[in-house]
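Listed below, chain by chain, are the residues.
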Amino acid sequence: MSDAKERAFFQGLMRSHKQLGVALGIFIFALCFTGTVSIFHSELSIWENAKLSSVAAPPTGHLEDVPVDKIMQQSIETFGGEDGKDVEVFFVSQDMPGRRFAISGTHTESDEAWHTSYWDAQTGELIAHQDAGISHIITEVHTDFWLPSPWGRYAIGVLGVIFMMLAVAGILVHRQWRKESDQLRLEKPRHKWSDLHKLAGFWALPFHVVIGFTGALLGLLGVILIMMALVAYNGDQEAAIADIFGQDPVMSEESAPIPSMLPFVTKARLDMQRGFVPQQVMSVYPGDKNNFVLIYGNYPKTLGIDSFAKYRVDTGETIKLVDYIHDNVALRVYSASVPLHYATFGGTAMKFFYFALGLMSCLLPATGLLLWLRRRAFDWKGRVVYWGLLCLPVASAFGFAMALVTKWLPAFTALSFAKSAIQYAGVAFVLGLLFVAWQAWRSEKVETAFTQAMSVVVALLSATALLDILLQASQGYSQWAPQAWGSDIGLLLMAGMAYFLKQRLQEKPSHIDESVALAN
Amino acid sequence: MGFSGKALSGAIFLGLLFALFAAVFLAQFLPLDKALHRTFWAGLSVPISWAWASLWLFSRENFSRAMWQLLALSVALLLVGLGGSML
Chain A
1 MSDAKERAFF
11 QGLMRSHKQL
21 GVALGIFIFA
31 LCFTGTVSIF
41 HSELSIWENA
51 KLSSVAAPPT
61 GHLEDVPVDK
71 IMQQSIETFG
81 GEDGKDVEVF
91 FVSQDMPGRR
101 FAISGTHTES
111 DEAWHTSYWD
121 AQTGELIAHQ
131 DAGISHIITE
141 VHTDFWLPSP
151 WGRYAIGVLG
161 VIFMMLAVAG
171 ILVHRQWRKE
181 SDQLRLEKPR
191 HKWSDLHKLA
201 GFWALPFHVV
211 IGFTGALLGL
221 LGVILIMMAL
231 VAYNGDQEAA
241 IADIFGQDPV
251 MSEESAPIPS
261 MLPFVTKARL
271 DMQRGFVPQQ
281 VMSVYPGDKN
291 NFVLIYGNYP
301 KTLGIDSFAK
311 YRVDTGETIK
321 LVDYIHDNVA
331 LRVYSASVPL
341 HYATFGGTAM
351 KFFYFALGLM
361 SCLLPATGLL
371 LWLRRRAFDW
381 KGRVVYWGLL
391 CLPVASAFGF
401 AMALVTKWLP
411 AFTALSFAKS
421 AIQYAGVAFV
431 LGLLFVAWQA
441 WRSEKVETAF
451 TQAMSVVVAL
461 LSATALLDIL
471 LQASQGYSQW
481 APQAWGSDIG
491 LLLMAGMAYF
501 LKQRLQEKPS
511 HIDESVALAN
Chain B
1 MGFSGKALSG
11 AIFLGLLFAL
21 FAAVFLAQFL
31 PLDKALHRTF
41 WAGLSVPISW
51 AWASLWLFSR
61 ENFSRAMWQL
71 LALSVALLLV
81 GLGGSML
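So the sequences go chain by chain: A and B.
Each residue of the first sequence is one higher than the one before, starting from 1 at the first, in the numbering used here.
Each residue of the second sequence is one higher than the one before, starting from 1 at the first, in the numbering used here.
Keep in mind the hints are simulated off the structure, nothing from the lab.
What you are looking at is a predicted structure, and each value in this text was computed from that prediction instead of being measured.
Any given hint could turn out to be false.
Some, not all, of what chain A presents toward chain B, calculated at C-beta under 7 Å [stated by the list, open to error]:
#1 S16
#2 I226
#3 A229
Okay, derived cross-link-like pairs now, EDC-like style, lysine to aspartate or glutamate, Cα gap no bigger than 16 Å in a straight line [to be verified]:
#4 K34/B / D327/A
#5 K34/B / D243/A
#6 K289/A / E88/A
#7 K502/A / E447/A
#8 K51/A / D144/A
#9 K34/B / D236/A
#10 K5/A / E61/B
#11 K70/A / D120/A
#12 K320/A / D379/A
We put the CB at the ideal spot given by N, CA and C, even for glycine.
Bound conformation, chain B alone:
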């Protein structure tokens, strides 16, 4: 059994999406006083959370379910992050 090309690129793309949206959340809610510091820490998290999310997706038995779960979590993080910046 193997991944199709679409699934491969989907997992990498979704991993990136998750990493960026999680970083948006961190840029807003990290408990640091200066915006500059929050910016840099959130940026640093991107490669690590991207690699983690893609590896996690690849290792799931039920790949499509895991994709939906990760997508839902990403959107939730983005909405909370953006919501926080509007308050």
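Just chain A, with the same shape it has in the complex:
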């Protein structure tokens, strides 16, 4: 490539990096921020519930030890309607979080909704029905952008590819990366955001690419696979589905007794490859003649989603065995994209590692947009970008504070306008969004608005965590779930980071900076 062509290539890349970043930066930041918090989704949903956060039961052993049939019976009695037939799909899992509970999900036909419950994994007694609020809202923003299914998922997939493109283009255009990879001049207003942007991009590049690629796959998987299967199977959609998932029986409307699920768990252990560990039992159309079960499980020390064995209940016939680890390499790559994206491997330490890298991902669009905001007047475009950047952190802080109220004051929820935690968290979340909009509208300088917003985040998060620690401690330390105190520490960490950013943005006047530069 000649010099002129090379220069044009890098100029083109730089242009695209800047303009794509400004155009889509707030959406990418929203994805990165909600994704980073959602790493601890299951822990936060325990934290939000006073009953669950006060259960520190010992871990259970095999799935066969969990009273699956008893839990299923109770779920059908609770959610199955008058004739018990409203339950379409039921599952019970001991996989998360920390195997201290059995978690069940019951999908009912009449309201087309999933109902999640937590059970004592040893006795099968109900602990609590889940009423997740803010953790659910944040995860929904990350997976669907609050858009109708499946359009939100597709939008997220597109942003995943763009994030990957921006990260790679960013590294390509900074050809002096050897010099820039260890440069952090936090005391210099003109350089700090640019240095942070480059450092976060350079040191966490493999993470950005992996998260972008796996996010794109997860978001667009449905549409991509349908298209490709139609071509590869010459338009025969049914053959494609049967080859991938097996031919499922359809509901017959003819009643049949519900047998014990445990023999199918044992059968799956034998049918799948050696080392298969069942984690979840799913029963589709329980009580119907064409009832079939899926036994999901994993292979320890492998990276992949749960493989499964599918059986007809009446005849015991095997419908399909799907082994994501041993079937073929492409399937294994797809399967690895889920744990790689959600950090469901490597335990708590890996989650904290992902959290730290996720914060670097947040820094990329945030510092990029702050650089852009610094170079222009705080006009309406700047205010919109400011709102896009700050609304989610502030709204989440409002949501966490409200979650604390609904957690410890059940009388508050019983007396007020709404009955479920998610409605309260939703109202607090929207209040947070409006607060930032009001701030963006009335502030004269972006720095002033930013430091005010960060002060609110610091106050709300630290007060929420400290109050929760006090209230939980008043009930005794022995029954304090690790997920709950871990979440409190996480909230304090986030408050600390907001404080750091606030301090960094309280810049020295420019003449001081210049006099320091002259002195050097």
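Start from chain A and add chain B according to the hints.
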């Protein structure tokens, strides 16, 4: 000099179009015995070829010419891929 909003969205959309049509071609012609395997490998190629195609477009000096070139290549891949499935 900068891209207009239309050019930006055009480059991203065209990149996606290329990636999907190239995957159609791969789903048909990858030298693998099972249709299932061809499906998954072709699907895996989409995010990578999409990112590549959009970056390539952005880096071209003559942007509109590059768009036409990529569009022609995409259509050719689609026609060959679909043609193969009809044989």
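Consistency of the hints with the structure:
no., hint, verdict
1, S16, "holds, 3 Å"
2, I226, "violated, 10 Å"
3, A229, "holds, 5 Å"
4, K34/B / D327/A, "holds, 12 Å"
5, K34/B / D243/A, "holds, 10 Å"
6, K289/A / E88/A, "holds, 13 Å"
7, K502/A / E447/A, "holds, 9 Å"
8, K51/A / D144/A, "violated, 29 Å"
9, K34/B / D236/A, "holds, 14 Å"
10, K5/A / E61/B, "holds, 8 Å"
11, K70/A / D120/A, "holds, 11 Å"
12, K320/A / D379/A, "violated, 60 Å"
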